Amino acid sequence: MGDAYVWVADVDARPEEAAMLAGRVMDWLEERGVVRGELTNCLLGDELGRAPGPHAARVVTAGEAPPGTGACGVGMEIERRVYTGAGVWTATCPVCGARTEPAVSGPDMWTREWAPLVDDLYAWFGGTGPAGGACVRCGERSGFPAWAIDPPVAVAHLGLVLWNWPRPAERFLAELSVVLGGHRLVTARTTV
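Counting along the sequence shown from 1, when you hit position 150 you're at 150 in my numbering, and nothing is skipped either side.
Keep in mind that the hints were calculated from the coordinates and are not lab data.
Nothing here was measured: the structure is a model prediction, and the numbers come from that model.
For every residue, glycine included, the Cβ atom is placed at its ideal position computed from N, Cα and C.
Treat the hints loosely; a few may be bogus.
Claimed, not checked - Just the calculated beta-carbon pair ranges, DEER-fashion:
{"#": "1", "residue 1": "Thr191", "residue 2": "Gly23", "range": "37 to 45 Å"}
{"#": "2", "residue 1": "Leu39", "residue 2": "Ala4", "range": "17 to 25 Å"}
{"#": "3", "residue 1": "Gly143", "residue 2": "Asn41", "range": "18 to 26 Å"}
{"#": "4", "residue 1": "Leu39", "residue 2": "Pro94", "range": "14 to 22 Å"}
{"#": "5", "residue 1": "Ala174", "residue 2": "Gly37", "range": "18 to 26 Å"}
{"#": "6", "residue 1": "Ala98", "residue 2": "Val178", "range": "31 to 39 Å"}
{"#": "7", "residue 1": "Arg184", "residue 2": "Pro130", "range": "17 to 25 Å"}
{"#": "8", "residue 1": "Ala146", "residue 2": "His55", "range": "32 to 40 Å"}
{"#": "9", "residue 1": "Asp46", "residue 2": "Pro130", "range": "29 to 37 Å"}
{"#": "10", "residue 1": "Glu30", "residue 2": "Glu113", "range": "46 to 54 Å"}
{"#": "11", "residue 1": "Arg24", "residue 2": "Glu113", "range": "41 to 49 Å"}
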């Protein structure tokens, strides 16, 4: 079994408030004993994060094992990011209901017809595009949070990343949303 991480993206955080909100979240997690106060080398790569605290089990669903040791920490990402998992995902237009179609064969994730939507995601990530994608069927442009994407994909300026943790419990996500001022959260688990 390889390493994996759970990401929780705040799709409502504006770039100018992301650092303040990240500090609020980390303070809240530390006060609850979910993470330890000091930064350590508990993430994969060169970044520092917070190791699980004595009450890390508060984050996970009852019956799930709490996080362990090693590359098992929590970090905050305060930057323009597209959060996604590996593999093929589908997107449904919020205006007309058209759905992306996976490619039958070849290296493309979708049929070439839907490539403009992927291009819109890359343009947003690169800082040159709007925070929405255009439907190839109806032509309407909708913000990325309005698209129904499965498995979840999120565009955000703020993300909580939990390395080698199980998926967070719904009650934890609801509490986290309150800490973030009622912001909408999107989450998924990704294996690397």
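>> Please list, smallest to largest, the hint numbers that this structure does not respect.
In response: Numbers 1, 3 and 4 - these are the hints that the structure violates, sorted from lowest upward.
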